[in-house]
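Respectively, the protein sequence lines represent chains A and B. Residues are numbered in the numbering used here as their position in the first sequence, beginning at 1, plus a constant of 1150. Residues are numbered in the numbering used here as their position in the second sequence, beginning at 1, plus a constant of 1150.
Honestly, the hints are just simulated from the structure, not real lab data. There could be a bad hint or two in this list.
Remember, identical chains collapse to one label, so a pair may be satisfied in a single copy or spanning two.
Once the Cα atoms are required to be at most 25 Å apart in a straight line, the calculated BS3-like pairs of lysine-lysine come out as [what the hints assert, rightly or not]:
{"#": "1", "residue 1": "K1543", "residue 2": "K1503"}
{"#": "2", "residue 1": "K1679", "residue 2": "K1666"}
{"#": "3", "residue 1": "K1406", "residue 2": "K1152"}
{"#": "4", "residue 1": "K1291", "residue 2": "K1636"}
{"#": "5", "residue 1": "K1592", "residue 2": "K1464"}
{"#": "6", "residue 1": "K1257", "residue 2": "K1218"}
{"#": "7", "residue 1": "K1506", "residue 2": "K1517"}
{"#": "8", "residue 1": "K1517", "residue 2": "K1440"}
{"#": "9", "residue 1": "K1180", "residue 2": "K1152"}
{"#": "10", "residue 1": "K1517", "residue 2": "K1503"}
Protein chains: 2
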Amino acid sequence: MKIAIAQLNFHIGNFEGNTEKIIQATREAKAAGADLICFSELAICGYPPRDFLEFDDFIHQADKAINKLAAEAQDIAIVVGGPRKNPVIEGKDLFNSAFFLADGEVKFIQNKTLLPTYDIFDEYRYFEPASEFGVVTYKGKRIALTVCEDIWNIGNENPLYTICPMDEMMPHQPDFMLNLSASPFSYKQADERKNVIKANTDRYNMPIFYVNHVGAQTELIFDGGSLVYSPDGRLFEELPYFEECIHYFDLDEVAKGRDDSGQQCSKIAKIHDALVLGVKDYFGKLGFKKTILGLSGGIDSALVAVLATRALGKENVRVLLMPSQFSSDHSVNDARELAENLGIQYDIIEIEKIYKQYENTLEPYFKDMPFNIAEENLQARSRGMLLMAFSNKFGHIVLNTTNKSEMAVGYGTLYGDLCGGLSVIGDVYKMEAFELARYMNKDGEVIPENIITKPPSAELRPNQFDTDSLPPYEELDQILFQYIEKRKGPKEIIAMGFDEKLVRRVLRLVNINEFKRYQTAPVLRVSPKAFGMGRRMPIVGKYLA
Amino acid sequence: MKIAIAQLNFHIGNFEGNTEKIIQATREAKAAGADLICFSELAICGYPPRDFLEFDDFIHQADKAINKLAAEAQDIAIVVGGPRKNPVIEGKDLFNSAFFLADGEVKFIQNKTLLPTYDIFDEYRYFEPASEFGVVTYKGKRIALTVCEDIWNIGNENPLYTICPMDEMMPHQPDFMLNLSASPFSYKQADERKNVIKANTDRYNMPIFYVNHVGAQTELIFDGGSLVYSPDGRLFEELPYFEECIHYFDLDEVAKGRDDSGQQCSKIAKIHDALVLGVKDYFGKLGFKKTILGLSGGIDSALVAVLATRALGKENVRVLLMPSQFSSDHSVNDARELAENLGIQYDIIEIEKIYKQYENTLEPYFKDMPFNIAEENLQARSRGMLLMAFSNKFGHIVLNTTNKSEMAVGYGTLYGDLCGGLSVIGDVYKMEAFELARYMNKDGEVIPENIITKPPSAELRPNQFDTDSLPPYEELDQILFQYIEKRKGPKEIIAMGFDEKLVRRVLRLVNINEFKRYQTAPVLRVSPKAFGMGRRMPIVGKYLA
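Okay, chain A solo, but in the shape it has when bound:
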């Protein structure tokens, strides 16, 4: 049996586009002699469709698409994920299903059992878990269908679920398993996936074909890296990361096994490629081409400029250099050098006159109150307004350049440097930002060395440095990581050797700045715990605040 794995980029709610893409891939696979082609979870409607699932009309569109695909399943079987109405009145309205289409009809449906409802996942919001389990027989083979999380309840120390769907299917003696996934990227995810699938082969001793989605949907980036494992637990093949492809496998060959070491990528390389795809798809799926951003001469905006250029092409990236009276010469020079290295359009716009006009307008009210955060923020917001004006005039999307460390402690100005349609590096800590800059320069200097080595500064008052108000990033990032990724409390972090006062101050800053993060653009997720839909915090909470 020849099996095609279609690792493709779907678009949420774009039934016409997704169906067309599935049909094209099916025809290609049929021409290549495949007996079966398998697509990813909820491929019909794109993942995650979120509350679109609550619209009957949306589910009806999905039904129509499945029927259209069934008609296409002649001399080839199509396995594809889609939502489906729960025919039983009790329980949630929908199932998250794997459809097996063959001989022009829907031959078999297996519903998803384990519904992730944590971090960025909300599946129990919509779906009823499966209570029936079977296999489908096709061309003499018994095939078990599982959907993403269904295979993740094995070999864990702390199992989230009290049922294991494959255990329920085993009495039907499946010959192999197809898993339809939409497993979002984090820099740890590819390794975890391999562990989980290996644990499944160890337990069930059969070939496993793991088909992942590729492509970004707003903040979530799906990295592909689909997997084929042999019954003896050896990796047979790992498909590429971050690109669409269709690969073919002979079932007998997979059953025999071979040694494949998979792809070896550094954490930073994966983050880099993920962010490029995240930017590219955000624009592509919204139908935009061009971006604008502010280049401060600092490392964060430099990273975003490079990522944007790699994602959209230099002809689609425009930057503004917006010095104030507090900007140092090197800021403008460094930013200009970067823009020239990238070959992108740049303009230098002084903000001093605008800032002064605000000062004059406010003078009757502020009188001789001392310079404070109000004046600092006026500068940041003047820049944000200029970027938004360009955006509105020319149809650019503004990219936000805030990093995760700043997002965490609220070191940024709402409606100022926190503006923009997409936060590109909001899940990248400052220390990782330095690594990313080095990685970008690995084949020759793109980001001027001075941008990487100079001490970080917001330049909103004379001789300001980040370390005036924040601890050194080496220390800050470690505390933040323990609190955000590891969910450690103050006592546990202090017990690791960090200064108590510092720990309490940092945790307090994180919690009291929830209101800023609430209003910040979606953040491209590259870590196991990003700000945004995967981290839901009360604003008025008084915990550690």
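Given chain A's structure and the hints, the job is docking chain B onto it.
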């Protein structure tokens, strides 16, 4: 048996404050001769604690608080809600529990079974459902404890769950039921609650004491309105809306029953009171006192000024009137009259010079491109910046004044009139805004008549009216209601008699403006379907867009 219902305002994560409040109420009830006092769901930690629940430290604080309260339970029983570690390794880490504290110890615990995971609720994200059911015997009475949703699976046409916890408890022959709730306000909720509790008395024929939380937590407003029902299905008492109170009940009297008609409040009166509480608690729980907002002379900012004044006191409300060259005379006059009616501080700040300075700065880039949305937004953003400057200088929180109709179709400027820490009327449609204004004026004119009757205009270009770019609000609001609250698709809405082109345009506007709503302040929720945490939509989706 004398039973005290404590309808109190808790604060998320404020263990010290919440515990202290529970102890004070318990002492008061004991002095009044109560045998038992019952508090609301998750009262220990405040509802909803959201991802704070993922911190072991947070759960540990909750445990400590329960133990402290148990020590206080001498000669009186305390029934209180709190999170609790699931001792079984399989399944979710926590239970959402009702603790029965008596004789200085934890006597009994009943976990919640039905975990709402829809709209604003995420309970299955954290909690494992109960699998054991019992009753607790105290002073000769067998008491069934249920938590909020546990009683909501009765008498529904479309039951969400496949189990009914009270059915499981009935074999233990309970004498009465205590329900610990945190049921958020919407203008329909009080009626639905009464229907549900009546359906429970019809089925179980026993007294039911329904104890609700009161107070606002960021966007969610809990309205109180706790209920006592007699076994024959008659309402015995409905506690007040929107205020803290402790009421006492003799169990024998409740068992006998009496006729009480409850509170008769109009939808608009309830919305009004909910919004006042929402603003008050947002400030109070964050530790702020003062607000600033822009008064345009239009109805939306007028409503917010009135609500803020009623919530915070006139001495804590400051408004800016920020006319441009496009503002009509009546705008400033109407706004001034309103400010004078309210007795709040107002200043008039012209934005023309700031706007001109932006124009001059941008002239080399925009050249002679025609005036468009870029220039309109510059005005809105100049105003936003001035408000934020005051906010930063004087420690005010800016209140956002956008209504639900505008939020829906994206008729507003990000970082401009969409700025602010809290959206006060973002869940109030424009037609409801008019009703609310009339309601505010019921005891004498607060909002000048002209503000209510003149045609709505953003005044961002000469002779602009909302109806230039939007359909009349009478029609728009109806289409939005069908799409947002009723989740009808285009075909269903068109079949109701609305123009097809208009329907498709409105639905498209709603969907393509998700990016704006993503960055807007939390919206005080007063309807069954508000923008924010209860409506989760993809930004890059292509459905109806």
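Tested hints:
1. K1543 to K1503: Intra 21 Å, inter 21 Å, cutoff 25 Å: intra and inter.
2. K1679 to K1666: both (18 Å within a copy, 24 Å between copies)
3. K1406 to K1152: within (14 Å within a copy, 75 Å between copies)
4. K1291 to K1636: neither (44 Å within a copy, 46 Å between copies)
5. K1592 to K1464: within (19 Å within a copy, 61 Å between copies)
6. K1257 to K1218: Result: close within a single copy only, 14 Å intra versus 60 Å inter.
7. K1506 to K1517: both (14 Å within a copy, 23 Å between copies)
8. K1517 to K1440: between (42 Å within a copy, 20 Å between copies)
9. K1180 to K1152: This pair counts as within: shortest intra-copy Cα distance 10 Å, inter-copy 76 Å.
10. K1517 to K1503: both (19 Å within a copy, 19 Å between copies)
Checked against the numbered hints given earlier, this structure breaks only hint 4.
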